[in-house]
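Model the full assembly from the supplied sequences, consistent with the hints where possible.
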Amino acid sequence: MANDYKTIVKDGLWDNNGVFSMMLGLCPAMAMTTSATNGLGMGLATAAVVAASCCLVSLFRNLITREVRIPVFILISAAMVTIVDLAMNAWMHDLYKVLGLFIPLIVVNCLSMARFEAFASKSPPLPAFVDGLFMGLGFTGALVAIGAVREVIGSGTLFADASLLLGPAFKVIELRILPADTGVLMMILPPGAFLTTGLLVVAKRMIDARAARAEPAEAAHGLA
Amino acid sequence: MLVRAWAAMHGFGVQRNKRWHGTCEASGKQIIRPIMNLPHTLSAEFVATKPPPPRTLMHGVILGSFCLGFGLVLAITDRLTLADIAARALEDRQNSLSQVIPAGIHDNNPVTDTLLMTDARDKEITVYRARKAGRVTGVAYEIYGTGYAGEIKLMLGIAADGKLLGVRVLAHKETPGLGDKIEEKKGDWILRFTGLSFTDPPPERWKVKRDGGQFDQFAGATITPRGVLGAIRGGLEFFAANKAKLTEGS
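As they're listed, the protein sequences go chains A and B. Taken in order, the first sequence gives residues 1 to 224; the numbers are from this note's numbering. Taken in order, the second sequence gives residues 1 to 250; the numbers are from this note's numbering.
Derived by calculation from the structure, the hints in this document are not laboratory data. Hints may contain errors.
Using 27 Å as the maximum straight-line C-alpha spacing, the simulated DSS-like pairs for lysine-lysine come out as follows [what the hints assert, rightly or not]:
1. B:Lys186 / A:Lys97
2. A:Lys122 / A:Lys10
3. A:Lys97 / B:Lys181
4. A:Lys171 / B:Lys181
5. B:Lys132 / B:Lys163
6. A:Lys97 / B:Lys153
7. B:Lys207 / B:Lys173
8. B:Lys185 / A:Lys97
9. B:Lys153 / B:Lys186
10. B:Lys173 / A:Lys171
11. A:Lys122 / B:Lys29
12. A:Lys97 / B:Lys173
13. B:Lys185 / A:Lys171
14. B:Lys29 / A:Lys171
15. B:Lys123 / B:Lys207
Covered by chain A, per the in silico footprint, the following chain B stretches (three or more residues, Cβ under 8 Å) [to be verified]:
16. 72-83
17. 94-107
Glycine included, each C-beta is placed from N, C-alpha and C at the ideal position.
Set out below in C-alpha cells:
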C-alpha cells in the first residue's frame with residue numbers, strides 16, 4: 001500500500017506530470033505564468049480544488065453511472081470552484097485579491113477531468129485525494145518552473161510580489177536577477193509562454209531519456 | 001457459442017454499450033462482460049439473456065439529484081458568504097477612494113455618501129462625496145479609458161474647486177512591463193495629475209505630447225497614456241458640466 005502511494009506521488013510530481021507529460025491544463029499554465037509568483041498562486045489554488053474534487057468524485061463513485069459521469073464530474077468541479085471562490089472572497093480577502101483572478105479558470109482545467117476519469121472514479125477517497133493533491137502539486141511545480149524562466153528573462157526578477165501571496169515573511173525570496181529594464185518583453189507575452197513550455201518539455205524528455213539509458217547500465221554494473 | 005446462437009435467433013446482438021449480457025446456467029447469476037473479453041470469459045455454461053432496457057430515467061434522476069444537491073450546497077454557501085463579501089467590497093471601495101480623497105478634507109464616509117448621476121453618454125456614474133462639517137469638499141468617481149488591451153478603469157478624485165486630488169488605476173489589462181507603468185506601484189507617472197484642473201492646462205493640452213498635448217507618453221507605449229488622458233479629460237468635462245450638482249452644499 002505504501003508502495004502504491006509512492007507511485008501516486010511520483011506519477012503526479014514527475015513521471016505523469018500534468019503539464020510536461022500529459023500536456024493537460026496548458027491554457028492556465030501558459031496564460032498565468034507571467035511570473036513565478038503567479039504560477040505558484042495558480043498552481044496551489046488548482047491543487048486544492050483538484051484534491052478536494054477528486055475526493056468527492058471518489059466518494060460518489062458508486063452512485064454515478066457511466067452514462068452521466070461527465071456532466072456530474074463537471075458539476076462537482078464547478079461547484080467546488082464556486083465554493084472556494086465565494087469562501088475566499090469572504091474570509092481570505094487579501095489572498096483572494098491575488099488569486100481571485102485564477103480561481104474561476106480552474107473549472108476549465110482538463111487535469112481535474114483526466115484525474116476523475118482515470119483515477120478518482122475507480123479508487124477509494126484517500127488514494128483519490130492523494131492523487132489529486134500530488135497531480136496538483138506537480139502542476140504547481142510546472143507552473144513555477146515556466147513562470148520562473150519567463151520572469152527572469154522577461155523582467156529580470158524572480159518571485160516578485162511573493163510577499164503579497166505568501167505573507168510578509170517571504171519578502172526575502174523576492175529577487176532581482178538582472179538589472180531593471182533589461183528584460184526581454186517577449187518572454188512575458190504569450191509567445192514566451194509557448195517557447196518556455198516547449199523548451200521545458202524538451203528538457204524533461206531529455207532528463208527522462210538519460211535516466212532510461214543509465215538504468216540498464218547500472219543494472220549491468222550491479223550484476224558484475 | 002450459445003451467446004452467438006441467441007443473438008442469431010433474435011436477430012440482433014446481445015451487446016449494449018459494448019457489453020455482453022448473459023446468465024450463468026448453473027448458478028443463475030447475471031453476467032456482463034466487456035465485448036473484447038467475450039471469447040475468453042464466456043463459455044458454454046453462459047446463456048445469453050436479453051440486455052436490460054436502457055435506464056434513461058435512472059440516469060436523469062442521478063444527474064438531477066446531483067444538480068439539486070450541489071445547487072443546495074451552493075445556495076447555502078452563497079447565503080453564508082453574502083454579508084462578508086459585501087463588507088469586503090465596501091472596504092475595497094473605501095481603500096480605492098482613500099487614495100484619491102485625502103483624509104484631511106473630510107469627516108464623513110464618502111463610500112456611503114453617494115449620488116447617482118448619468119454622464120454625457122448616458123452611462124450611470126456613482127459619485128462619492130467627501131464632506132467636512134456637512135459641506136462638500138470634494139468628489140470622486142470612476143472613469144474609464146480605452147487602452148491597448150481593453151478598458152482601463154480609474155478612480156478620479158477632484159476637489160470642490162475643480163483641482164484634481166488624484167487619479168489611480170483600479171484595473172487594466174495593459175502589457176506588463178510597458179503599459180502597466182500607469183499603476184502607482186510601477187511608476188510615478190499617474191501622480192503628475194494631482195493639483196491640475198480642467199483649465200490648467202487648458203482642455204486642448206490634456207493629451208499626450210504626440211497628440212499635441214503636454215503629457216509625456218512613456219517609452220514603447222503611447223496608446224495606454226492616451227487612454228488614461230482621455231479618461232481624465234472626460235472626467236474633468238463631467239465635473240465641469242455638472243459642477244453645480246456635484247458640489248451642491250459646499
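Hints, one by one, checked against the model:
1. B:Lys186 / A:Lys97: The given pair, whose Cα atoms are some 18 Å apart, holds under the 27 Å limit.
2. A:Lys122 / A:Lys10: holds (19 Å)
3. A:Lys97 / B:Lys181: holds (20 Å)
4. A:Lys171 / B:Lys181: holds (22 Å)
5. B:Lys132 / B:Lys163: Cα-Cα ~17 Å, so holds.
6. A:Lys97 / B:Lys153: The given pair, whose Cα atoms are some 16 Å apart, holds under the 27 Å limit.
7. B:Lys207 / B:Lys173: holds (21 Å)
8. B:Lys185 / A:Lys97: holds (16 Å)
9. B:Lys153 / B:Lys186: holds (16 Å)
10. B:Lys173 / A:Lys171: holds (26 Å)
11. A:Lys122 / B:Lys29: holds (24 Å)
12. A:Lys97 / B:Lys173: holds (16 Å)
13. B:Lys185 / A:Lys171: Given pair Lys185 of chain B, Lys171 of chain A holds - Cα atoms ~16 Å apart, limit 27 Å.
14. B:Lys29 / A:Lys171: violated (67 Å)
15. B:Lys123 / B:Lys207: holds (23 Å)
16. 72-83: This one holds; 6 residues, not fewer than the three required, reach chain A with a Cβ under 8 Å.
17. 94-107: violated (count 0)
In the structure shown, a violation is registered for the earlier hints numbered 14, 17, in ascending order.
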